[in-house]
Amino acid sequence: MSLAKVTQVKGLALAVPGDDIDTDRIIPARFLRCVTFDGLGEHAFRDERTGPDGLERPHPMNSAQAARIAAAKQGVMVVGFNFGCGSSREHAPQSLWRFGFTAFVGGSFAEIFFGNSTTLGVPCLTLSKDDLAECDAFVRANPEVELTVDVQNLVVTAGAKSWKASIAASARDGLVNGKWDPIADLLEGAPAVDKTAGTLAYVVGK
Amino acid sequence: MAKTLFQKVWEAHTVRQLPNGQTQLFIGTHLIHEVTSPQAFGMLRDLGLKVKYPQRTFATVDHIVPTNELKEPYSDPIAQEMIEALRKNTKDFGIRFFDTNTGTQGIVHMVGPEQGITQPGTTIACGDSHTATHGAFGAIAFGIGTTQVRDVLATQTLALSALKVRRIEVNGQLSPGVYAKDVILHIIRVLGVNGGIGFAYEYAGTTFDGFSLEERMTVCNMSIEGGARCGYVNPDQKTFDYIQGKPYAPKAADWDAAVARWASFASDAGCHYDDVVKFNAAEIRPTVTWGITPGQAIFIDEKMPALETLNAADRATAEDAYKHMKLAPDTAIKGTKVDVCFLGSCTNGRISDLREVAKYLKGRKVSPTVKAIVVPGSQLTAIQAVHEGLDKIYIEAGFEWRGAGCSMCLAMNPDKLVGDQLCASSSNRNFKGRQGSQTGRTILMSPLMVAAAAITGQVTDAREVFKV
Ligand code: SF4
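As given, the protein sequences belong to chains A and B, one line each in that order.
The numbering of the first sequence is the working numbering, which starts it at 5 and goes up by one.
The numbering of the second sequence is the working numbering, which starts it at 23 and goes up by one.
Please keep in mind that the hints were generated in silico from the structure rather than gathered at the bench.
Only pairs whose alpha carbons sit at most 20 Å apart, straight line, appear in this in silico EDC-like list of lysine to aspartate or glutamate:
| # | chain 1 | residue 1 | chain 2 | residue 2 |
| --- | --- | --- | --- | --- |
| 1 | A | Lys210 | B | Asp276 |
| 2 | A | Lys183 | B | Asp68 |
| 3 | B | Lys72 | A | Asp198 |
| 4 | B | Lys74 | A | Glu192 |
| 5 | A | Lys210 | B | Asp278 |
| 6 | B | Lys345 | A | Asp57 |
| 7 | B | Lys72 | A | Glu192 |
| 8 | B | Lys348 | A | Asp57 |
| 9 | A | Lys133 | B | Asp336 |
| 10 | B | Lys345 | A | Glu60 |
| 11 | B | Lys359 | B | Asp442 |
| 12 | A | Lys210 | B | Asp263 |
| 13 | B | Lys72 | A | Asp185 |
| 14 | A | Lys199 | B | Glu33 |
| 15 | B | Lys74 | A | Asp185 |
So that you can see chain B by itself, here it is in the shape it has in the complex (with noise of 0.2 Å):
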């Protein structure tokens, strides 16, 4: 019977039917950062467990890391303690940790790529609601809560239900100044932001199989903004070129057999789906968002929405948006003042992001009303751009040049909005308060979109001011 990758890798990883009707999965990897872990471990502590397969779990630390403070202790005790616990955790039970004195500390979703750790046909989970983007690889990626962390460390396994399965293709070529970014904020733009509960989104199409694998994980990784748990991209050859060669690849004696066997987890052709959705890659433009919620996003030249053109429930939300947000309904985004650029996080803060903005960023200046900050998601992505000289071009331009780690994605280390500043951020959420601030304001966009932003001080189309 014809398959889909999900049901592939589900039956590949059942170890049996619970009495409740779940299945228990096995979860060959599992990935730990700072905050969701460490009351896990205390919940082990208090049950006298062991971790089962102390090897098929990496941590790393990203969220509280200061990224313009090296030294330790940091200023910020709590952040300090939160480290320390980490590593006492992960040495205490035998876990590797990417410290950050290794050179390969990053974003926990930026971390597992980067090491060849994830692959395509296993199984990860993380206690975090972005481990989504492993699907890019054809794995099947989910986030997980504390008590499932302690679960997998436990037993090496999760109870769970299975998924539905939604085919969403989309076929084409994307415009110039059109992003991977673009393309997920339009899928929850359509979809809506719950649309994909229950679900479990694959990502195919003409658009897809030309994406890099970068690229790939900026679309996955959103998945959970539009409510769909996990997201993935069948395996490829860009897949397995991708992951030849890391720390953690198969060896050379194996590879051909990792590669047959990656290979034969794709979705078979004529496969059931339970739902398909079909988008035309010509149609997308860049995506902006305008309110609290990631669907509450426009075409950078359309107008924000009126609130008599909304159904009931979403006017209740808008409503609250255009309050939060300072901005009026049926009026043009465009132009709107931004104090602050963030561009980083494990949506777009990867070195092919860093590349295409420091392109069109060569000689220009950003605005002097914004602060704008560049945070490569990871060690190694910092080591290759400043390789590259990319740091150079950014510093040049006026942006502020940090080290790796979560930063203004989200409040939990001292980068932070200010009152009711309005960020351009590359990150994935827009929630009220997430940047720091209870009143900031969030603005999702591509990484070039923000670059636009920085340079012009306003919310503007990236392709007039780069002449893309």
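Chain A on its own, in the form it takes in the complex (with noise of 0.2 Å):
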């Protein structure tokens, strides 16, 4: 299985404020009840875009930047800490990169989000605090200019501006070297496996 390596993401950005945001809040219940990821994209973040009136609320989401990158099918959203805490579901960063975002820069992801985000070759960078505050800062104050996020040399970019970044080892080098669907390596481990089953008595039945 040959992948894409993931090794720079450009694009428009989008900042998305806050901490603690929940993966509820991302992709609400109600959209999972479905046999497939298709068309989670456009509720991204459904409850927090319309109030319960069905009415459009201000929320980033709904802006014409959000628009752009939806359009482009490639963007950038800024995000607080702890993004994506609460539930496991996948759906979350599949309903975001199926609505655009190639990519996330924030102070912080919960585990599982980061997980199945690398897992779909979407990479979730981390800025200092400091940084962090002006990076969101510049991507309000400058919606025109693209942002690059780069994974090989871990560092966000955008105009004339520059922000260290950083991402776990293993996640970076399974993007950069086209790994970030770890299937492949984990079938070729088959033989090692059964090895391992066999040492383990309750795999074996006892």
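With the hints as a guide, bring the two chains together.
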């Protein structure tokens, strides 16, 4: 299985502020009533974007900038801390990815969300608190400037600005080498898997 | 070298190092449900792959099952489609399915322990973030995404990096009216909702030694609310006694060897922990959340925090929380009117929860302004409760007695809040919209506190209402 090498993601950026944004907010549970991920993109942040009255609410995802990212199917979401906490639903990164986001930059990411995203080939890069604040402010003030998320060199740049970024070494390695989906490696280990299975009493039925 | 349970289980299940530095970890037990598995089976078919060890995956249906409608087809065609997809997938791939007509269906995190599938020293994965529940038995259990469900189906392994281990010790006796739920809400309040990122939580101390397996499950269940992907308690005699005689427990001839093996996985005295945090059980009081994250919690007799007392980062979330909850900073939460009371979920929908509340409920009546529902987490729990006559006590008091499932813990079935209803809930998440209405409000608490709210129609101290 050959996958694209994700060394760099370039695109317009959208700031979605707030810490502890949970996956119930990213994709409300009612949209999990499905047997495929198709069509999830349009429901990303649905209840934040639309009020109970059915009217649009002020939310970054309703902005012209978000629409541009959706049209380009390419863009960077700049988020706060502990983004994607809560439910393990892969529907969350799937919906944002299908909407058009191809990278995340934030203060920190909940672990399951992080894993679910990188396995889609969508990098989640972390900036220091101060850098994130600066990046966030820059993105709001300069919506027309593209952000470059450089996974290879661990830096986020926009215009003349740049911020040092980080990501777990294993995730970076997978992205830049086109091995972000581990299935090929895992399948390759099959003989070793059988060997381990044989050493586990509960697996062999005791 | 002295090792933690986490390290021992990790080593026993390590298949090999992957080129990117991660571990290919063997997953001995895989649990699946209808929400996060259909796409994984789809990917499997697309790639032309088989299920490697079908006998090590177990399925049930919980999120979408209506709890007040037993006959199929369900009135919700999507729910029907999802249950049928799981039937087809488990049949096509030869996976055991604890279906609704077996008397064993239930919330996935209740079915594993009830069947004796959940065992010490094992690795357990499930496409559900509350998988840490199984850690109560000394298993390393964690939630995974759907692509990873595919990985486990196809290879029985996952690509993972080891976690650090934080030992959380709680010592001493809990006061009357204080429960395992209060312990975990308190831990999350103190360590924060992201305090556990990168850690497995090892819960220990005399309080945990004294806890039943069901109480340990309540705590491990909410590890993820504290940011920890995995939480566990070292196995002991109570663990072994709980498993003995369950359908999937080792047979008599293998029993002694199994117990010896299980015991050997417990953390060694003198092992290294990346962090240790200690709590005194006597200081914990009944705890309730006031906001939109499980860490926004206070003791029932405290005031909600004034905004000035919070640091800048917490303040923004708190402001959002007060607005959503329609509550005021620096005021008491006691006396807040509730509309709905939900007793159930994989946190507190077990038989011990139903028994404990029933003890106090006899002769009491649910307030006429409250809709109260009680939802046993599994069919086995429901059957046992009915056998003990607990259902009558609840119905007599004015609760609706429901069938097994996730119900109002999340909004994927007909049990939902309406408008800005406020729900006193024994579940684990108070996120905005979690209970099915965008403006709905959730206050997390112990089962007995839910019952006290049901009777008085307001958030209140169960110790006073029931003279505990
Ligand atoms: S009861 Fe709630 S938390 Fe538990 S599995 Fe069901 S939806 Fe998830």
